[in-house]
Amino acid sequence: MSAFGFDFVSLGSAALKLAIVLALYAVVIGPLGDRWKRPDWIMSARNALYVVTGLLLLASLALVYAFLTKDYSVFYVYQNMRNSQSLLYTWTAFWGGNAGSLLFWATSSGILATIAVTVNWRSQYRLMPYVISVLMTITLFFVLLLVFVADPFQRLDFTPPDGLGLNPLLRDPGMAIHPPLLLGGYMSMSIPYAFAMAALLTGRLDAGWIRATRRWTLTAWGVLSLGLLFGSWWAYRVLGWGGYWGWDPVENVALIPWLSASAYVHSVIVTEKRDMFKVWTMVLVILAFALSIFGTFIVRSGVITSVHSFAQSNIGPWFFSFLGMILILSFIALVYRLPKLESKRELDSLVSRESSFLFNNVLFLGIIFTTIVGVLFPMISELFQGIQITVGPPYYNQVNGPVLLMLMALMGIGPLLPWRSVTTKQLFMRFRWPVLVFVATVATLIAILGAGWPAVAFAVCAFTLTTLIQEFVQGIGARRTATGESWAVAAVRLVGRARRRYGGYFVHVGVILIAFGVIGSSFFNLEQGLTLTVGESKDVGRYTLTYTGLNFEVQPYREVVSADLFIMRNGKPWTELTPGKRFLEGFADQPVSNIGIRYGIVEDLYIVLTGWEEQSATFFVFVNPLVSWIWIGGFVLVLGGLIAWWPERAPKVAMAQAPRGVALRPQEVTSGL
Numbered sequence: 045m046s047a048f049g050f051d052f053v054s055l056g057s058a059a060l061k062l063a064i065v066l067a068l069y070a071v072v073i074g075p076l077g078d079r080w081k082r083p084d085w086i087m088s089a090r091n092a093l094y095v096v097t098g099l100l101l102l103a104s105l106a107l108v109y110a111f112l113t114k115d116y117s118v119f120y121v122y123q124n125m126r127n128s129q130s131l132l133y134t135w136t137a138f139w140g141g142n143a144g145s146l147l148f149w150a151t152s153s154g155i156l157a158t159i160a161v162t163v164n165w166r167s168q169y170r171l172m173p174y175v176i177s178v179l180m181t182i183t184l185f186f187v188l189l190l191v192f193v194a195d196p197f198q199r200l201d202f203t204p205p206d207g208l209g210l211n212p213l214l215r216d217p218g219m220a221i222h223p224p225l226l227l228g229g230y231m232s233m234s235i236p237y238a239f240a241m242a243a244l245l246t247g248r249l250d251a252g253w254i255r256a257t258r259r260w261t262l263t264a265w266g267v268l269s270l271g272l273l274f275g276s277w278w279a280y281r282v283l284g285w286g287g288y289w290g291w292d293p294v295e296n297v298a299l300i301p302w303l304s305a306s307a308y309v310h311s312v313i314v315t316e317k318r319d320m321f322k323v324w325t326m327v328l329v330i331l332a333f334a335l336s337i338f339g340t341f342i343v344r345s346g347v348i349t350s351v352h353s354f355a356q357s358n359i360g361p362w363f364f365s366f367l368g369m370i371l372i373l374s375f376i377a378l379v380y381r382l383p384k385l386e387s388k389r390e391l392d393s394l395v396s397r398e399s400s401f402l403f404n405n406v407l408f409l410g411i412i413f414t415t416i417v418g419v420l421f422p423m424i425s426e427l428f429q430g431i432q433i434t435v436g437p438p439y440y441n442q443v444n445g446p447v448l449l450m451l452m453a454l455m456g457i458g459p460l461l462p463w464r465s466v467t468t469k470q471l472f473m474r475f476r477w478p479v480l481v482f483v484a485t486v487a488t489l490i491a492i493l494g495a496g497w498p499a500v501a502f503a504v505c506a507f508t509l510t511t512l513i514q515e516f517v518q519g520i521g522a523r524r525t526a527t528g529e530s531w532a533v534a535a536v537r538l539v540g541r542a543r544r545r546y547g548g549y550f551v552h553v554g555v556i557l558i559a560f561g562v563i564g565s566s567f568f569n570l571e572q573g574l575t576l577t578v579g580e581s582k583d584v585g586r587y588t589l590t591y592t593g594l595n596f597e598v599q600p601y602r603e604v605v606s607a608d609l610f611i612m613r614n615g616k617p618w619t620e621l622t623p624g625k626r627f628l629e630g631f632a633d634q635p636v637s638n639i640g641i642r643y644g645i646v647e648d649l650y651i652v653l654t655g656w657e658e659q660s661a662t663f664f665v666f667v668n669p670l671v672s673w674i675w676i677g678g679f680v681l682v683l684g685g686l687i688a689w690w691p692e693r694a695p696k697v698a699m700a701q702a703p704r705g706v707a708l709r710p711q712e713v714t715s716g717l
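First residue of the sequence shown? That's 45 in our numbering, and the numbers climb one at a time after it.
If you are wondering where the hints come from, they were derived from the structure by calculation, not from laboratory data. Check each hint, because a few of them may be wrong.
To be verified - List time: in silico DSSO-like cross-link candidates among lysine-lysine, alpha-carbon distance up to 27 Å:
| no. | residue 1 | residue 2 |
| --- | --- | --- |
| 1 | K384 | K317 |
| 2 | K582 | K625 |
| 3 | K114 | K61 |
| 4 | K384 | K81 |
| 5 | K469 | K317 |
Keep in mind the model is a prediction, meaning the values are calculated, not measured.
Given these sequences and hints, build the entire structure.
This is the structure:
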């Protein structure tokens with residue numbers, strides 16, 4: 045009962061039950077309205093979707109109110125809230141358990157569905173009955189789970205004075221952002237999936253549904269990218285093992301929908317421009333959404349152990365069944381429409397841009413397959429041998445590493461290839477500078493570093509970066525020749541007139557920078573454990589660490605232990621770091637590391653306090669080269685995605701002023717190419 049004398053918890057529970065009825069109604073009535081030519085029924089399905097979204101918002105607000113008022117009579121609030129938690133982590137607690145994350149997913153799905161249906165109601169009216177039906181089927185699944193399996197409004201028989209509290213590892217700004225972003229990406233993929241299914245069910249298989257969902261696809265991809273980036277940043281700052289990506293099962297199942305979405309984003313380009321790869325496009329959009337459900341199944345079911353799993357329950361079989369239903373029904377519809385999806389065009393040459401996109405899809409699927417095998421291997425081994433055998437980073441590095449390197453090279457090769465076919469002379473003219481840079485980089489790095497694979501990997505990055513720079517320079521040069529603009533103005537307007545193309549190039553630059561950081565930190569990192577007494581110094585690489593003492597501090601609702609370190613670099617005073625541990629109230633057996641990190645463009649110094657005694661302390665020290673480039677590259681990648689997402693300006697048909705009597709075609713004014 046609230047302070048206003050109204051039971052918001054019961055209201056939220058009732059809203060979920062009513063949402064089931066209306067969602068089921070929308071699933072059925074829309075397709076029936078299309079089949080029996082009843083526009084009023086289709087309109088009724090849309091209205092039902094709107095009401096379901098409102099009911100889910102009401103349920104979410106009821107749960108938020110329970111958290112804000114610390115209503116510990118609600119079992120979910122009792123599990124995830126504590127009197128000492130800040131307002132920020134009240135938000136984190138909302139989705140921190142199974143019931144809250146399911147409610148977050150259902151509500152956000154309703155909101156996204158409402159936006160997608162409203163925006164496309166007129167332009168894609170023929171698809172709307174089936175789009176609504178698919179979206180409401182997805183929402184219905186989650187609401188059924190909320191009512192019958194994981195009830196967020198379940199009551200206790202009494203009201204405890206305090207709750208158990210949120211897992212200490214979740215009480216971090218990175219984890220207040222990372223999971224909602226991943227869930228947001230998963231939910232956004234449901235929109236292009238729903239339109240694809242509507243296209244299959246109606247037989248309207250032109251590019252209309254692709255154009256209608258292009259920004260939804262980029263939104264899903266961009267939000268997933270941010271989620272992965274924040275997850276890596278959180279792992280680097282909090283977990284204390286010196287890395288940012290450990291090929292953990294939960295990391296992997298977050299990665300594979302992103303890989304599928306990335307392949308889909310590339311495949312639709314060929315479908316739109318050349319009316320090819322229609323089957324590829326359909327398969328990839330189905331996989332992107334299905335793998336989102338697969339990831340949720342792995343994270344929430346508890347079938348695989350992970351340092352990232354914080355909410356396990358018995359909902360695994362439900363998700364597994366839903367995943368099976370999605371795959372079976374989707375591929376039945378796909379097979380039924382295969383004759384209409386058959387491309388009337390064939391590849392003119394294996395050396396063409398279309399072929400590069402095809403190889404791109406194959407490589408993405410290869411990484412997805414090997415990663416899924418690695419994730420499921422403990423279950424497979426337990427099934428056949430009775431024991432769970434986990435595959436670790438060596439498996440993924442050896443299997444996926446070369447494929448990722450080939451993808452990097454393909455990012456440089458693709459933009460240099462024209463559509464359909466290419467002549468030998470064109471190949472030479474387009475590839476001469478990137479190949480020269482590749483050879484020079486390999487030779488130089490082998491001479492300096494004496495290491496083969498790192499030199500090749502860095503050289504592939506240099507090759508692809510040179511390709512992209514060449515594309516930018518040529519485009520800007522052509523535009524300057526046509527318009528007489530300055531380099532800066534020509535660059536801005538070139539990107540503005542072809543945002544999808546050059547936004548993609550920015551994304552590729554971001555990927556190169558991330559790869560640069562991954563290669564450097566993987567091949568050239570330094571790790572060393574050491575124990576120091578007060579006043580003692582030891583060298584780690586070019587750093588000298590001096591331990592000056594231990595601090596014990598009692599703070600509100602926590603105790604903190606920290607060690608003072610004075611650090612010299614190359615024999616000169618450089619900085620001070622205070623790595624430590626914090627013990628939160630109620631979680632004395634789950635200390636969280638306060639890691640001492642000094643970030644740098646060249647390398648990070650990363651120190652973890654692992655133990656202490658009265659006169660000594662033990663540390664693990666990492667020197668991680670080039671890690672900062674991962675975060676810089678992530679920013680560039682997301683910026684490129686935003687540029688590609690942003691609506692392009694309408695092309696100017698009027699002739700631009702051309703120097704030296706050059707006459708321009710409108711497309712030259714637009715793209716500079």
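Is it true that the CA of K384 sits at most 27 Å from the CA of K81?
holds, 24 Å
Does the alpha-carbon distance linking K114 and K61 stay inside the 27 Å limit?
Satisfied, since the Cα-Cα distance of roughly 24 Å is no more than 27 Å.
Take the C-alpha atoms of K384 and K317, compute the straight-line distance between them, and say whether it is at most 27 Å.
holds, 18 Å
Mind checking the alpha carbons of K469 and K317 for me, to see if they're no more than 27 Å apart?
holds, 25 Å
Sort out whether K625 lies within 27 Å of K582, counting only the CA atoms.
Roughly 22 Å between the alpha carbons, so the hint for K582 and K625 holds.
Hint violations for this structure: none, all hints satisfied.
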